[in-house]
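**Q** Here is how the chains run, residue by residue.
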Amino acid sequence: MRLDLSLAARSVLRQRRRSLFGLFAVAFGVAALMIAAGFFEFNYDSMREGVIRSRLGHIQAVKRGYLESGASDPFKYIIPETSEDRLLLQSAPYVTVVAPRLSFNGLISKGESTIAFLGEGVDPVPEAKASSFVPIVEGRNLAGPDVSEVILGRGLAENLGAKVGDKVVLLATSARGAVNAVEVTVSGMFISSSKAYDDFALRLPLGTAQALLRTEGVHSWLMVLEHTDRTEYVLKKTEPKIKSSEIDLVPWYEAPMADFYNKTVELFSSQVGILRVLVAIIIVLSISNTLMNNVRERTGEIGTCMALGDTRRTVLRRFIVEGAVVGFFGGIAGIVLGLVLGGVVSYYGIPMPPPPGMTIGYTARIFITPRIVFDAMLLAVVTAFLAGIFPAWKASRMVITDAIRHGR
Amino acid sequence: MTIVVLEHITKEYRLGEHMVRALDDVTLSIESGVFLAIAGPSGSGKSTLLNIIGCIDTASSGRISVAGHDVSGQTPDQLASLRARTIGFVFQTFNLLPVLTAAENVEYPLLQMQELDKEDRKERVQEMLELVQLGKFAKHRPNQLSGGQRQRVAIARALVTRPELVLADEPTANLDHKTGEGILALMRDINRKLKTTFIFSTHDKKVIDSADRLVGIEDGTIRLLGVRKEGQWAITNLSRKGPAQPAKKSQSEEESNA
Numbered sequence: 000m001r002l003d004l005s006l007a008a009r010s011v012l013r014q015r016r017r018s019l020f021g022l023f024a025v026a027f028g029v030a031a032l033m034i035a036a037g038f039f040e041f042n043y044d045s046m047r048e049g050v051i052r053s054r055l056g057h058i059q060a061v062k063r064g065y066l067e068s069g070a071s072d073p074f075k076y077i078i079p080e081t082s083e084d085r086l087l088l089q090s091a092p093y094v095t096v097v098a099p100r101l102s103f104n105g106l107i108s109k110g111e112s113t114i115a116f117l118g119e120g121v122d123p124v125p126e127a128k129a130s131s132f133v134p135i136v137e138g139r140n141l142a143g144p145d146v147s148e149v150i151l152g153r154g155l156a157e158n159l160g161a162k163v164g165d166k167v168v169l170l171a172t173s174a175r176g177a178v179n180a181v182e183v184t185v186s187g188m189f190i191s192s193s194k195a196y197d198d199f200a201l202r203l204p205l206g207t208a209q210a211l212l213r214t215e216g217v218h219s220w221l222m223v224l225e226h227t228d229r230t231e232y233v234l235k236k237t238e239p240k241i242k243s244s245e246i247d248l249v250p251w252y253e254a255p256m257a258d259f260y261n262k263t264v265e266l267f268s269s270q271v272g273i274l275r276v277l278v279a280i281i282i283v284l285s286i287s288n289t290l291m292n293n294v295r296e297r298t299g300e301i302g303t304c305m306a307l308g309d310t311r312r313t314v315l316r317r318f319i320v321e322g323a324v325v326g327f328f329g330g331i332a333g334i335v336l337g338l339v340l341g342g343v344v345s346y347y348g349i350p351m352p353p354p355p356g357m358t359i360g361y362t363a364r365i366f367i368t369p370r371i372v373f374d375a376m377l378l379a380v381v382t383a384f385l386a387g388i389f390p391a392w393k394a395s396r397m398v399i400t401d402a403i404r405h406g407r
Numbered sequence: 000m001t002i003v004v005l006e007h008i009t010k011e012y013r014l015g016e017h018m019v020r021a022l023d024d025v026t027l028s029i030e031s032g033v034f035l036a037i038a039g040p041s042g043s044g045k046s047t048l049l050n051i052i053g054c055i056d057t058a059s060s061g062r063i064s065v066a067g068h069d070v071s072g073q074t075p076d077q078l079a080s081l082r083a084r085t086i087g088f089v090f091q092t093f094n095l096l097p098v099l100t101a102a103e104n105v106e107y108p109l110l111q112m113q114e115l116d117k118e119d120r121k122e123r124v125q126e127m128l129e130l131v132q133l134g135k136f137a138k139h140r141p142n143q144l145s146g147g148q149r150q151r152v153a154i155a156r157a158l159v160t161r162p163e164l165v166l167a168d169e170p171t172a173n174l175d176h177k178t179g180e181g182i183l184a185l186m187r188d189i190n191r192k193l194k195t196t197f198i199f200s201t202h203d204k205k206v207i208d209s210a211d212r213l214v215g216i217e218d219g220t221i222r223l224l225g226v227r228k229e230g231q232w233a234i235t236n237l238s239r240k241g242p243a244q245p246a247k248k249s250q251s252e253e254e255s256n257a
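Protein chains in written order, with numbering that gives the first Met the number 0: chain A, 0 to 407; chain B, 0 to 257.
The reader is advised that the hints may include incorrect statements.
[To be verified] Quick look at which bits of chain A chain B covers, simulated, 3 or more residues with Cβ under 8 Å:
1. 2-9
2. 283-293
3. 332-341
[Said to hold, decoys possible] Some, not all, of what chain B presents toward chain A, calculated at C-beta under 7 Å:
4. Asn50
5. Ile55
6. Asp56
7. Asp76
8. Ala79
9. Arg82
10. Ala83
11. Phe88
12. Asn94
13. Val98
14. Pro108
15. Gln111
16. Leu223
[Unchecked claim] In silico negatives: residues of chain A with every beta carbon more than 10 Å from chain B:
17. Leu117
18. Lys128
19. Asn158
20. Asp165
21. Pro239
22. Ile280
23. Gly299
24. Phe389
These aren't lab readings, by the way, just hints derived from the structure by calculation. From the three backbone atoms N, C-alpha and C, an ideal C-beta is built for every residue, glycine too.
From just these sequences and the hints, can you work out the full model?
**A** Spelled out as structure tokens, the structure:
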């Protein structure tokens with residue numbers, strides 16, 4: 000095997016220009032694949048973080064069944080605003096914040112116009128940390144847990160014709176079934192990663208929301224972690240320790256709202272799959288071309304080696320190893336190229352238009368994970384290996400006497 | 000003792016539309032330890048004969064035995080193994096592997112012999128390079144060597160497996176006269192010292208004169224056989240009387256001990 004590698008390396012070096020061409024084709028393909036996968040990875044990442052850090056949190060603690068049927072009977076799924084369990088969650092490792100939320104819907108009126116809304120009572124201090132992806136675009140955030148203020152999604156504010164400083168009236172059905180109303184001042188407007196949400200959403204201080212609904216409790220405690228990767232670990236650590244038998248911990252990826260993210264990843268992943276096939280074709284074509292030329296050029300040598308007693312299998316192996324060597328070094332070069340290009344592109348950023356369902360554009364970067372590097376390398380080596388099979392087989396089937404005479 | 004036995008060997012191959020008969024019912028046996036020249040004009044079939052003896056080509060019909068092995072009907076792998084262990088090759092165009100050094104070229108056939116470790120191989124390679132007087136050129140690549148030196152490396156490579164038989168196809172054709180004589184003298188020397196059988200093809204009269212056995216071939220049949228004793232050739236002419244008769248119709252009776 001060492002001899003095979005040494006012979007292959009020397010043969011590759013012998014035809015510098017041809018080998019370089021093959022090498023570049025592999026490197027280019029690998030780099031292109033890395034950039035594309037890195038671009039998608041960045042988008043997945045932003046999208047995932049956008050959903051988590053605006054609406055889902057990493058893990059939600061809710062009463063069992065709330066996420067499935069809470070909308071039809073919200074008061075059935077009230078949990079206490081604070082309890083032993085919430086303190087336990089707060090003290091778990093990697094937890095940045097635990098923020099309570101009370102969700103409800105109702106009608107918002109300003110002057111003549113009245114429209115429906117989706118409301119969330121939030122504790123402004125922890126919520127500011129939990130909703131880091133919900134920027135206030137006008138005015139300011141809620142001042143405290145009991146003030147008579149509200150922040151509106153920008154779409155909702157536009158539909159209502161409300162501006163910062165306006166007074167609006169919120170109408171909602173209370174826990175006892177009566178209709179209740181509260182007058183609040185619009186302190187600011189926010190946007191999130193979803194336009195559909197911004198068109199209906201408003202947030203008000205938890206105390207004010209509880210007063211409106213005449214309840215003491217909340218619907219969920221949102222756990223936000225230092226890093227999304229820790230979700231499963233934290234879930235595993237905390238789940239068995241929860242005392243209340245009614246409370247479920249739901250990670251972000253199982254929440255019904257993550258469906259959009261999961262489907263998008265699936266869709267884009269299949270696009271990366273197509274790209275991978277294209278790159279594989281580039282690699283197969285260039286390496287088999289390089290090897291076919293090498294086989295043709297070294298016909299005399301192949302004949303000589305076989306006359307000296309090399310079996311067909313030995314000849315086959317030699318050329319396959321040669322292809323794999325080109326693939327391996329091409330892959331390495333491609334990874335370096337991909338990392339450098341990815342760095343340059345990320346430094347400048349790619350200005351992107353607003354994606355469907357969003358109101359603002361963003362700057363895309365290339366986010367290359369170890370997994371992407373590993374996949375690209377694997378693709379290069381495996382396809383180079385496969386590309387070598389046919390030329391190597393041709394070499395091994397040569398008629399010795401014809402091969403020796405070749406080129407004389 | 001005979002090392003090569005050919006019985007009624009015929010070799011035909013297709014050239015475009017025509018079937019060409021390169022060898023026509025050749026029967027020959029070769030003694031061990033001889034220094035034998037196969038002579039004939041180009042196209043006479045001498046290379047084909049050499050290739051068949053070397054087991055790199057197969058006969059269309061007939062029986063061949065090399066170094067005690069009946070090679071008719073053996074698989075390519077079996078033949079490869081036989082070549083690796085019992086036959087050495089020297090080519091007209093040297094055919095060294097350009098990416099390997101002289102020493103590595105000589106070592107190459109030994110790599111298939113599992114029973115030899117690195118030390119054994121190194122020792123044998125050095126011994127062979129000394130034998131062909133190239134001890135100082137072990138690290139040179141073929142393109143850094145002259146034609147004569149390359150052919151010496153090729154001879155070392157052919158001998159390193161300690162084969163019973165070395166086949167050389169026009170070994171001096173690509174060398175100038177003086178260098179060619181040196182190569183022949185070297186081969187003759189090895190033939191005497193190691194008792195290795197040498198069979199080489201040539202169409203050069205001077206080369207024939209260094210041999211001790213001669214097989215003359217023309218149009219695919221053996222025309223004359225020669226044995227040299229005390230510097231004098233004893234020639235047996237096997238040619239048919241009457242030159243008008245086509246060669247391929249000749250009923251061969253060319254058996255003899257060359």
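**Q** Provide an ascending list of the numbers of those earlier hints which the structure does not satisfy.
**A** Failing hints, ascending: 2, 3, 16 and 23.
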